[in-house]
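Protein chains in written order, with the numbering used here: chain X, 1 to 224; chain A, 1 to 573; chain U, 1 to 422.
What the hints contain is simulated information worked out from the structure, not anything from laboratory work. Mixed in with the good hints there might be a few duds.
[Stated by the list, open to error] Lysine-lysine pairs mimicking PhoX-like chemistry, simulated, CA-CA at most 25 Å apart:
1. A:Lys351 <-> U:Lys250
2. U:Lys422 <-> U:Lys250
3. A:Lys438 <-> U:Lys57
4. A:Lys482 <-> X:Lys134
Chain by chain, the residues:
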Amino acid sequence: MTQLNPIAFELQNLQLRLDGVALFPEISIQLTAGELLVVMGPSGCGKSSLLAAIAGSSPSEFELRGNIRLQGKQLNALAMERREVAIVYQDDLLFPHLDVAGNLLFALPRGDSLQRLDSVQRALASAGLAGFEKRDVATLSGGQRARVSLLRSLLARPKLLLLDEPFSRLDEALRQDFRQFVFAQIDIMNIPALMVSHDRRDCPNSQFYSLQDAQMQMLNGANI
Amino acid sequence: MRATNYKLILVSLCAGALFILPVMAGLLGTWLPALGYLPSIGASQISVEPILAVFAHPSSYSSIQATLSSALLATGAAFVISQWLCMQLYNSNSWSWIKRSIGLLLAVPHLAFGIGFAFLISPSGWIMRLLSPGISGFNVPPDWLIINDSYALSLTLVLVLKEIPFFLLMSLAAMGSFDVAKTLQVAASLGYSRGEAWLKLVFVQMYPQLRLPLYAVLSYSLSVVDLSIILGPTSPPTFAVLINQWYGDADTDFRLLGAAGASLLLILVTVLLGLIFALEKLCSKIAQGWLLAGPVRYGVGYFAWGYRKIAKYTVIGLWASTLLTLAVLLLWSVAQQWRFPLALPSKWSLKYWQLSWQQLPEPLFNTALVGFCSATIAISLVIAILHWQSQSARSVNQQSSNSSQLLLWLIYLPMLVPQVSFLFGIQVLLVGLGLDGKLASLVWAHLIFVLPYCYLTLAKVFLQFDNRFFQQAMILSQSRWKSFWMIKMPMLFKPIAFSFAISFAVSVSQYLPTLYVAGGRFNTITTETVALATGADDRISASFALWQFWLPLLVFVTATAIPQWCFRRRKGL
Amino acid sequence: MSILKKKSTLSAGFYSARALLISLGLCTASFTLWAADQTATALNDSPAWQKTLASAKGQTVYFNAWGGSETINAYIRWAAEQVEDQYQVTVKQVKITDTGNVVSRLLAEKSAGRTSSGSVDLVWINGENFKSMKDNGLLAKAYTQQLPNYLLVDTENKPSTLYDFTTAVDNLEAPWGMAQMVFMYDTAHLDSHPQDMHTLLSTVQDNKGRFSYPAPPNFHGTSFIKQALIELIADKRLLSKAVVKEDFSKVTAPLWAYLDKLHPLMWRSGRSFPSSAGQMKKLLNNSEIFISLSFNPNDASNAIANDELPESIKTYVHAKGTLGNTHFVAIPFNAKAKEGAKVFANFLMSPAAQARKASPQIWGDPTVLAMQKLSEAQRQSFSDLPLGQATLSTEQLGTVLLEPHASWVAALEQEWLSRYAK
């Protein structure tokens, strides 16, 4: 590598404590634009809490130590709506009172209404959902819902994408399909992404970050 | 995030200043005369004389007895029946129908229902008319002691009929916090009969959330005045009515007696609630062993198809009594002459509709105005409190910090304290501040009683709202305000509208607060209805009761129809 | 057409002058009465009254009056429209269930030190409540002597206009209507009516469960007890004096003995009582009871006209007379619209308002005015009134019995409650 990728997202000596007890060892992570890192660990080790802390949605009794930096900006004290961090869960959390277009429009920044509609249509088309604008979200299939949910998060133009076991609700065939879709979108958006997962197939390059051990590991068990 | 805790405390303090201080002042303003201090009638000697006078009054003893028996019986019966109905009918084919229609029953004011019910069941009532003279053989009404009986049984019956829907609604809300169907499934696989499973697993989990409604109903039954005037015993009347009579006695010395009686009623309510609390503790101690003793083998238990049928008929009976009440009020309102034993009026007339039309605008407007104002303020306050509560919650399962617990009790207090025990003091207070007879004071007085019910009907659903939707919205829109108004509020529109309708109905039914605070400046449909019900004309009192009956019903139907219509294309809601 | 319908002083003066001429021509004998009418006219024109009328203009009078009767409410609405038209005074009826509540509110206002801008401008009142307001200083200064129409009141032959339940009125309240206890019975079920308390008992014996009276302290209930006491007590002279505590149980023994016999025969065997005279009327209509009572001699006729009672209902009084009294309107000490209240009180005593009130189709409440003090036309408006089909003539109404001394009420109620409302 001759050209040094600038660091887009960084966790410095991060630690989460609940009532004085650390959930996991101090971790430090650096991600470049377009890079996806998968975080793994046994259940209860604080994977979801880590994502919540990065997104800014963790309950107030969690004590956060260390730094969270996105594009050089310190996120620690920033309110969740100012962080420009998107988070996608296994539950799609589509707003049931809005139609598909409504859900997407809600995430789009303000602007010319025709242009906004156009971006919605293009986004849907890119996901193979052209013409779905007026559909009630409750009538979508699981895979369709997952895509709309991801599209929605990306339309908000986040600078970091967090994925909390996004595929675990989907059946095997859909999972593979959606995984490709997600990877493609991250690539297109060219933003760093952090994913919490149980599934080894989610890991690009057969690498993952072990939260327990606070270091990168190969799927075959080797430390990096 | 930490700021929301301060906000919560701030809100609690504001609520305290707005509601609790005046209630305390009202209590004090009642306790002083109860101890013989009321300078305006020349009483300035602190003594226990008034309290002794209450005990010496010939009517006190049996009045308290009738009050106690009717309130305990009504509360107990309504509670047990409602729980039995839940057990029998949960997930039966009528269950979803019950869930949807229970609000309608709840919206009907006690007073209108009571007036109509008296038209139905009195010895010269509609039922007896339908049976006479053909079946019963009566040409003149039998001399049966049905309405205004000295044991207050008819009052008790109406209270039971009116409180069952309330308990049902509260139980439905309580069932929302855990998976009842799964619980029953697991229990069945362990060999528990449905009845036993329900008692040991479902009811036990529901009870903590039913405690407060239970206390509120008991306190209400002990202190209800308007309904008791119509249906309660007359010689002597129930204790709350007796107190009200003392307040209204021509002899001003009776004010001291009234105040002493009101204070005693408060003590009575407190002691009873304390006893029930103690009984609860005792029961849970005793039940420990029984809970873990394992299933009763081959126990038929309390659940069988035959029982389910009875339960169904009970619900149908609830509906039938309400519809028949509505029908008999309608008939009376268009009757010109309707004497016993005719099944229908002999002369019909729309005169009383016209009459009530001419006189209605003002009380109707006042009722609607006060109802809308108090319900709107209540719902806004409650939403603000609940939203802060949900944002400052430690986690989903642990919503009660100390400050919000305190706030809860402050909100619920007016529901547990009998109205007569502080309204006299409030009246003196408002008059002293020159605030009586003002619209704002009246709205405020209604708010005291509307707020707890508003909170009670909304809190559960609101706090169970999946906060991740709100967080997702904030991340997406980067605006708290937008997320709150465009996502959280619309998604909670249905329960909010429901709670608004219940709040409105509670405001409509306020009789004593309107009487004491409005200073005669604001007559509502309820004060007019009570005034006319004590008079001689059944027809005009029926047409007013009818308006009291369906004004809250109208608001209820509208309030539940609007979100339904808005989201008619949305299956996910 | 009435004198008071004209607004300008000139035409009012003209009409009064005409009335004066007529009364001169027809009633030459009664010079004193002429003088009364003359004074009324003079008062009408007096600068003081004109000043009252002027300051009353635009005021809103909150008239606190029992609201249980649609008939009466309708009459009050009519009267309110009249004073609105004639004097630009707005009257709003505050419909109350119990005058005692008004006394309570005034007490609260007094204890809060509100000596003006009170919430009550005029209150319909009599008896105990009046005494209570008078004793507690809750009434405005004497005012009825300023009202032109007060001079037309028959204070000479209607002593209860001066002594309200034996309490001296002292011009603190304006007489509004006369009341006399009458009984109503259903001729469809009873061939003849009782003549006194004893025959009432025997009638009820034959018709078990078909009579009742409201439970004291209800006004009508207490009145029935007083009527019974007057008829049954050995020495009637005791009643005009204050109760002597020591003798009370001895002298009232016949009353309690009577009630002990009556109650088991009554409606609901005397275990429950109607809440009011209003409820009694409903019971009478439905044949739950055959005998009811009222303080309005026209009540039955009025109710028949209104289809509230069947035509078989007739009125009767006890042979040796029944209780009579007067009801009034009073202005509280802190009334905000005192002038407006005076104008309205004056209007309520006007011949036109009184004649309308006396009409059985409207209300049927007997007038407080003296016929001799009225003009011929005014007198005519009263004599033209039809006698309701169930109304007794003045002769048939017989003797009016005076109310016992006020102290009897509390004593009787207390004893009644301890015997029958335990």
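Comparing the hints with the structure gives:
1. A:Lys351 <-> U:Lys250: violated, 54 Å
2. U:Lys422 <-> U:Lys250: At roughly 21 Å apart (the allowed maximum being 25 Å), Lys250 of chain U and Lys422 of chain U satisfy the hint.
3. A:Lys438 <-> U:Lys57: holds, 23 Å
4. A:Lys482 <-> X:Lys134: holds, 22 Å
Consistency with the previously given hints fails for number 1 only.
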